[in-house]
Amino acid sequence: MAMAVKLEKRLNPSAAMNVIVPLVSVLAAFVVGAIFLTLTDRDPLEVYTAMFKGALGSQYGLAETVVKAIPLMLCALGISAAFRMQLWNIGAEGQFYMGAFAASYLPLTYPQLPIWLMLPGMALLGCFGGGLWGLAPAMLRARWKVNEIITTLMFNYVAILWVDFLVYGPWKDPKGFNFPLTAKFPASAALPTFGDSRIHVGLIIAVVLAAVFWVVFEKSRWGFEIKVIGASEQAARYAGMNIRRNIYWVMLLSGAVCGLAGMAEVSGIVGRLQPNLSPGYGYTAIIVAWLSKLHPAAILLVSILFGALQVGGFFVQTMGVPASVAAMLQGAVLFFVVGGEFLTQYRFVSSRKEVA
Amino acid sequence: MGEQAFYIAILSSAVIAGTPILYAALGELVTERAGVTNLGVEGMMLIGAVSGFMAAIVTGNSWIGFAAAMLAGGAMGLIHAVLTVSLRANQVVSGLALTLFGTGLSGYLGKSYIGIPVAEPFRGVSLPLLGDIPLLGPVLFRHDVLIYLSWAIVLALWFFLSRTRAGLNLQAIGENPGAADSLGIPVFSLRYFYVIVGGMLCGAGGAYLSLASAPSWLENMTAGRGWIAVALVIFALWKPGRALVGSYLFGGIDALGFHLQAAGVHVSHFFLQMLPYLFTIAVLTIVMARRGGRLAAPGSLGIPYDREQR
Amino acid sequence: MMKQPLVQMRGIVKKFPGVVANDHVDLDLFAGEIHALLGENGSGKSTIMSILAGLYKPDAGEILVDGAPADFGSPRDAIDAGIGMVHQHFKLVEPFTVAQNIQLSERDGAFLLSDAAIRQEIKAFETRFGLAVDPDAPVWQLSVGEKQRVEIVRMLYRGSRVLILDEPTAVLTPQETAELFVNMKKMAAAGCAVVFITHKMNEVQEVADRVTVLRGGKVSGTMLCRDVHAQELVWLMVGREIVLNAERCASGQCGGEILSMKNVSALNDSGRPGLSDLALSLRAGQIFGIAGVAGNGQKELAEVLTGLRRTETGSIQFLGENVTGMSPSELIARGISYVPEDRLGMGLVPSLDAVENMLLKSYTHPEYSHGWLINRKAAEAKTAAVVQQYNVKLAGLSQPVRSMSGGNLQKLLLAREISEHPKLIIVVYPARGLDVGATESIHKLLMELRDQGAAILLVSEDLDELMKLSDRVGVMFGGQIVGNFPIEEVDLEEVGLLMMGLFRPKEERIHGDGR
Chain A
16 MAMAVKLEKR LNPSAAMNVI VPLVSVLAAF VVGAIFLTLT DRDPLEVYTA MFKGALGSQY
76 GLAETVVKAI PLMLCALGIS AAFRMQLWNI GAEGQFYMGA FAASYLPLTY PQLPIWLMLP
136 GMALLGCFGG GLWGLAPAML RARWKVNEII TTLMFNYVAI LWVDFLVYGP WKDPKGFNFP
196 LTAKFPASAA LPTFGDSRIH VGLIIAVVLA AVFWVVFEKS RWGFEIKVIG ASEQAARYAG
256 MNIRRNIYWV MLLSGAVCGL AGMAEVSGIV GRLQPNLSPG YGYTAIIVAW LSKLHPAAIL
316 LVSILFGALQ VGGFFVQTMG VPASVAAMLQ GAVLFFVVGG EFLTQYRFVS SRKEVA
Chain B
-4 MGEQAFYIAI LSSAVIAGTP ILYAALGELV TERAGVTNLG VEGMMLIGAV SGFMAAIVTG
56 NSWIGFAAAM LAGGAMGLIH AVLTVSLRAN QVVSGLALTL FGTGLSGYLG KSYIGIPVAE
116 PFRGVSLPLL GDIPLLGPVL FRHDVLIYLS WAIVLALWFF LSRTRAGLNL QAIGENPGAA
176 DSLGIPVFSL RYFYVIVGGM LCGAGGAYLS LASAPSWLEN MTAGRGWIAV ALVIFALWKP
236 GRALVGSYLF GGIDALGFHL QAAGVHVSHF FLQMLPYLFT IAVLTIVMAR RGGRLAAPGS
296 LGIPYDREQR
Chain C
1418 MMKQPLVQMR GIVKKFPGVV ANDHVDLDLF AGEIHALLGE NGSGKSTIMS ILAGLYKPDA
1478 GEILVDGAPA DFGSPRDAID AGIGMVHQHF KLVEPFTVAQ NIQLSERDGA FLLSDAAIRQ
1538 EIKAFETRFG LAVDPDAPVW QLSVGEKQRV EIVRMLYRGS RVLILDEPTA VLTPQETAEL
1598 FVNMKKMAAA GCAVVFITHK MNEVQEVADR VTVLRGGKVS GTMLCRDVHA QELVWLMVGR
1658 EIVLNAERCA SGQCGGEILS MKNVSALNDS GRPGLSDLAL SLRAGQIFGI AGVAGNGQKE
1718 LAEVLTGLRR TETGSIQFLG ENVTGMSPSE LIARGISYVP EDRLGMGLVP SLDAVENMLL
1778 KSYTHPEYSH GWLINRKAAE AKTAAVVQQY NVKLAGLSQP VRSMSGGNLQ KLLLAREISE
1838 HPKLIIVVYP ARGLDVGATE SIHKLLMELR DQGAAILLVS EDLDELMKLS DRVGVMFGGQ
1898 IVGNFPIEEV DLEEVGLLMM GLFRPKEERI HGDGR
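Chains as they are written, first to last, in our numbering: chain A, 16 to 371; chain B, -4 to 305; chain C, 1418 to 1932.
These are computed hints drawn from the structure, not numbers from a lab. These figures come from a predicted structure and were not determined experimentally. Be careful, since some hints might not be right.
Simulated crosslink set (SDA-like; lysine to any residue; CA at most 25 Å straight-line) [what the hints assert, rightly or not]: (1) K242/A / S1786/C; (2) K106/B / E61/A; (3) K308/A / K106/B; (4) K1432/C / E23/A; (5) K1794/C / G238/A; (6) K234/B / L1529/C; (7) K1840/C / E1857/C; (8) K1432/C / G1850/C; (9) K1794/C / D1852/C; (10) K187/A / K106/B; (11) K1617/C / A1647/C; (12) K1799/C / V231/A; (13) K242/A / T1856/C; (14) K242/A / A1750/C; (15) K68/A / G238/A; (16) K190/A / G238/A; (17) K1885/C / D1852/C; (18) K68/A / K242/A; (19) K1432/C / L82/B; (20) K242/A / L1814/C; (21) K1799/C / L1811/C; (22) K1794/C / G335/A; (23) K242/A / N85/B.
Looking at chain A on its own, in the form it has when it is part of the complex (with noise of 0.2 Å):
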């Protein structure tokens, strides 16, 4: 009698391993960042302690988290809307600068705007920045079926390069002492924020937008669509459903939710716009979504994981390891992840080989 173990293609995805696979990917991925830290001469221990310390430890630190996961949330959100329909749009990096910089334009060029105007004017025109920056891939994809992948992602470049441009030359505050910074916004362009701490009313549209993202994804006419043309865009196109115009509705949300971020971003925490507003928020989305599963309130939780890995990556430059850690330990958690997805699709079975 011989055991053997081989695997097998399950019916149904496993509903257990969907919660149990993201769980265990992020602990293997720590192991891996253990690896490297040991290499290189440190105690994974004592990093991960102060990581966790700095950024939990208190309540400044846990402010903090909130702070780095609300354009997580944010931009993970606009990028679910597009992987639903499988548009892998990997620009919201550069969605939410361009969000960024046309949330500006208003308070520098009318600083003298009411609150009540200043602040939907801004949302408005980042979301609008953002929109026309994912509506452009989508434009070449629906019409050419250009990779969305590659020109999203090469849009990211143009982007930050623009607001460099800005910064560096004509937006740059006269009274700056040349430093590459835009003059301060005036306090009504300010985004409101909770008591003494750093978090802003960007952490209630990001809760109210995922509720509405689950309603309209889960449960409209046009969720529907969008979930049959992620699934096969040749049952889409058979049950009449109008591809194309989708691929610009979603383009244009997706890029329009992430280039919120970019407002919200300069709005509540900035102030101004500068170069490297975004420490990747727009690449580490990518893992939150996935991580996610796309679903609007687990986004919201994994954010709030990850801006704890940036706020521990950050307090950790104190002992000297660099705060690329934090992007290194999220990268593995996606390999983990992508990798773990195996198991919802595949089952073990133990099977009695017969010898006859």
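Got chain A; can you put chains B and C on it based on the hints?
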């Protein structure tokens, strides 16, 4: 500076700027011919660049650095192969993971190497006779040995694909793995092999940046060249010769921006830096529009192979 | 005493998730025989042969080749043991030339490819077995029959002694089938064991020496062909009596013209002409059968009628209205329905559940909506009713449909389309891959729909099915309808020739008025 010297300088630096893209594009080409999409080129290049640089600093020998870069790129390829070939993971997301992980890890590892010079970077060698040809000589034949090596790889790859049995098998596993499998061609091990080889070439592309053209380490120094390489393979229609031409075209755009600025043209350098990215989008759009959205891509590109799929 | 079998398979068991495809199957193959493997779809014929070809690993049992145990870990091992299989879906690399495809199979070939040597070998097979193929033609340009020949040449080229042909006649015209049988006999005479998988009784009796019948994954009998009657084979295959050559259910009278196509041209997926100057007319209560070898414009015809493909020239009139160039949703709204060849992927979405699949075309209807939201409760009620009415078996309304059997998928798909009361329905290969029972119920549904006055365009490659259901039969070749007959005048010989583009009937038949 004479007008001729100006053009020679541009063309010569086009070759240099195009070489890292060429290596990466060849790597992507090999991977995709085997039926596996790899969007981790950027991450593989960064890992190659940083590990090549570190090895060169530690050993003082750039060749060891170059070899280390290929090994590291190959290791990234191995990860991609495990995920996409064995675990049948989504190739798009696996590639993104490679890029994000590679960016983070290279930034982490390379932090203490920023600003250190390489002892013996790869330098231009004028080839005897060829280097003295007017115009062509300075443009093509006064480069470092890694550029000559890349030409050899292009030639070898072309020959391999069109004239050898193993090359035919490579194309078969990318076009129709089911057919190849039924004929006894080992689809899984060959896909592993070519994804790893592809990773090694991407690593080499990164090392060219940190050991020859820069030569130094900077965080994120590839600046999207890996993605340009991915686009270039589409433009090249998966043919090595076209990849060579395309790479130098992109190198030329890169070099043009730099030289225009040096020549005192009054355009913000931010716009000049945008050129390669905008050019990539434009070229991709033109290729797709001209072919009506139909490409000669390998038939099973992006689809994991599962023998017992029913 | 009998000579030793070339191949012995003993107690083979193969399980797939949810099904036992082979349950202790025994099979002997002798050199020089043509051995038919008979069984319904899903009886495990293809599985047992895929195991012999090294493609699947058995869960239990053993294989002996020349009396010695063989363990096939991969197709390579089976090839080395002299076993070759022509799969139902050809294993050819389409962009490659014939010569390249044959070279792919070479064992221990030289590192460099040699064109001259391969050409000579291919020529040799042509003279020996009459298997003519053009070594320089790219495979995608070949007809189905030619592709099959390439597959057979390739097997012989690498020295296969056991040749397995998986449903080789399913896609051939009658004439091509006859030619194939001659070739099979030549190969058996040359000392090969030829395994012939089929579900057609008459073919078994025409060409095979012995037959093994499979039912539900088990062997239900092995016997010499000359000792056996068709009725007995049917009983072994189905396990119950069924009436062969069921009486054709004659239609009532046809109603008015529903569809008229004139000079319609369209491109295929590779941008070449797919339909050229096609004319067609359909009446209410009529089943119009389209015969033809796959790839002669059937798919393009269906897609042009449903708005999925652009009409380049010509006009389409539907119920007196010019619908040329309308979008799929406009045509759906006018009552044109489509049951595509690709059930799971186009007609149904595998990852969605039964309710969502039911909603696929009607999600905007007011009865399933609360404003802009979907009324899932109403959709569930409707689906449950339909599932019961059409006797669809499924694990649950909220389970993804991908785990359903082919017959139930087709029933669900057809039920959805019928429940929208179409005026014209285009049905492509409706019974492909279904067992006898499911085929019967699908045919019954189509005839009921016809009796309710719908016009049905039935595309099939199974002439028996067409003869059974159609009121008129048109033959498609090269993107045109090259023959158009009322059912009483159909001559299968003539249809076969037309399918190969070899024969043009008199001019007036081409533009038959559809009555």
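Going through the hints against the structure:
1. K242/A / S1786/C: holds (17 Å)
2. K106/B / E61/A: This hinted pair holds, its Cα atoms lying about 19 Å apart.
3. K308/A / K106/B: violated (33 Å)
4. K1432/C / E23/A: Given that 25 Å is the threshold and the Cα spacing comes to 10 Å, the pair holds.
5. K1794/C / G238/A: Satisfied, since the Cα-Cα distance of roughly 17 Å is no more than 25 Å.
6. K234/B / L1529/C: OK: K234/B and L1529/C at ~19 Å, within 25 Å.
7. K1840/C / E1857/C: Holds, at roughly 23 Å.
8. K1432/C / G1850/C: Between K1432/C and G1850/C the Cα gap is close to 19 Å, so the pair holds against 25 Å.
9. K1794/C / D1852/C: violated (34 Å)
10. K187/A / K106/B: violated (30 Å)
11. K1617/C / A1647/C: Holds, because 10 Å separates the two Cα atoms, which is no more than 25 Å.
12. K1799/C / V231/A: holds (23 Å)
13. K242/A / T1856/C: Violated, at roughly 32 Å.
14. K242/A / A1750/C: holds (22 Å)
15. K68/A / G238/A: violated (41 Å)
16. K190/A / G238/A: violated (49 Å)
17. K1885/C / D1852/C: This hinted pair holds, its Cα atoms lying about 17 Å apart.
18. K68/A / K242/A: Answer violated: K68/A to K242/A is near 41 Å, above 25 Å.
19. K1432/C / L82/B: The hint holds at about 21 Å.
20. K242/A / L1814/C: holds (18 Å)
21. K1799/C / L1811/C: Holds. K1799/C to L1811/C sits at ~15 Å (cutoff 25 Å).
22. K1794/C / G335/A: violated (59 Å)
23. K242/A / N85/B: holds (18 Å)
Hints 3, 9, 10, 13, 15, 16, 18 and 22 from the list above are not met by this structure, while the remaining hints are.
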